[in-house]
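Q: Below, each chain spelled out in residue letters.
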Amino acid sequence: MSDAVQEKIKNYRTAPFDARFPNTNQTRNCFQNYLDFHRCNKVLSAKDQDTAPCDWYRRVYKSLCPISWVQKWDDQIEAGSFPGKI
Amino acid sequence: MAHPSQLGFQDAASPVMEELLHFHDHALMIVFLISTLVLYIIVAMVTTKLTNKFILDSQEIEIIWTLLPAIILILIALPSLRILYLMDEINDPHLTIKAMGHRWYWSYEYTDYEDLGFDSYMIPTQDLAPGQFRLLETDHRMVVPVESPIRILISAEDVLHSWAVPSLGVKMDAVPGRLNQTAFIASRPGVFYGQCSEICGANHSFMPIVVEAVPLEHFENWSSLMLEDA
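Protein chains in written order, with my numbering: chain A, 1 to 86; chain B, 87 to 316.
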């Protein structure tokens with residue numbers, strides 16, 4: 001994993017400002033990071049690479065997404081009914 | 087918190103609220119001046135015996151009472167827009183907290199590092215300790231570090247609620263399925279009260295919000311203790 005990414009994850013304080021989601025409604029910010037974490041995991045595991053860089057997305061979605069939403073989505077992924085594309 | 091016979095705002099506990107307070111003073115002063123002037127003119131018109139039947143027009147006064155209101159409006163608009171853009175600045179928060187509205191309590195989640203979540207119910211009147219405030223106290227307070235920019239994400243699990251703390255100058259609707267972001271900085275340590283601000287059923291008036299701003303070390307101790315208790 002590149003040093004820059006490692007530094008960023010090590011010094012993580014909270015989800016930084018994301019210019020893709022500049023407004024009050026942060027719903028998509030939470031959902032996008034959740035998706036990106038699972039997609040990152042899927043792609044890197046498929047290539048048998050270290051999935052540590054995906055940790056950034058995990059930290060961000062954990063900061064932003066309500067616990068109940070994450071639980072619901074995790075259950076949906078397990079049941080195969082998750083509506084997002086991973 | 088609010089006190090009996092209060093007329094003005096609660097003391098500001100955040101820089102934004104200070105600005106809002108000062109702007110309100112400024113705008114209200116203008117309102118008082120205009121109202122006094124109008125009241126004086128009305129009284130003067132009503133109580134005079136003088137009459138003048140020959141005035142047809144007056145360019146000068148027309149100019150004055152067009153220009154002066156325009157200037158006054160600009161004097162109100164400029165500080166107003168300044169504060170509006172100040173509130174819209176890009177923040178660099180130190181901490182993210184989620185406030186979820188339920189029927190009829192708030193739950194707070196601190197998930198930047200560990201998964202800390204707890205519910206915050208109003209303390210019923212019969213269980214209050216001496217000195218506590220009726221309908222405002224909660225069993226668990228939302229503790230925040232003082233002088234740190236805090237991002238707060240507000241949502242709801244059932245119906246519409248609204249998270250409001252007047253002394254911090256914060257109010258944001260809690261909408262199910264939506265994550266609304268706002269930010270504040272607690273400028274001083276203290277306890278700040280608020281109440282649910284969107285009608286949500288029978289106990290809408292009984293789900294208050296209490297924010298406690300403490301120095302960082304105290305915040306870290308508190309969060310470790312809360313994690314152990316959970």
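Worth double-checking, as some hints may not be accurate.
One-sided excerpt, in silico: chain B residues whose CB lies under 7 Å from chain A [to be verified]:
hint : residue
1    : P165
2    : R168
3    : I169
4    : L172
5    : I176
6    : H188
7    : R189
8    : L239
9    : N307
In the DMTMM-like style, the derived pairs of lysine to aspartate or glutamate whose C-alpha atoms are separated by at most 20 Å in a straight line are [unchecked claim]:
hint : chain 1 : residue 1 : chain 2 : residue 2
10   : A       : K85       : A       : D74
11   : B       : K257      : B       : D244
12   : A       : K72       : B       : D178
13   : A       : K8        : B       : D244
It should be emphasised that the hints constitute simulated quantities derived from the structure, not laboratory data. Since the structure is predicted, the reported quantities are computational estimates derived from the model, not experimental observations. We treat Cβ as the ideally placed atom computed from N, Cα and C, and that holds for glycine.
Q: Next, verify each hint and record whether it holds.
A: Hint check:
no.: 1; hint: P165; verdict: violated, 23 Å
no.: 2; hint: R168; verdict: violated, 20 Å
no.: 3; hint: I169; verdict: violated, 17 Å
no.: 4; hint: L172; verdict: violated, 16 Å
no.: 5; hint: I176; verdict: holds, 5 Å
no.: 6; hint: H188; verdict: violated, 10 Å
no.: 7; hint: R189; verdict: violated, 14 Å
no.: 8; hint: L239; verdict: holds, 6 Å
no.: 9; hint: N307; verdict: violated, 19 Å
no.: 10; hint: A:K85 with A:D74; verdict: holds, 14 Å
no.: 11; hint: B:K257 with B:D244; verdict: holds, 19 Å
no.: 12; hint: A:K72 with B:D178; verdict: violated, 29 Å
no.: 13; hint: A:K8 with B:D244; verdict: violated, 36 Å
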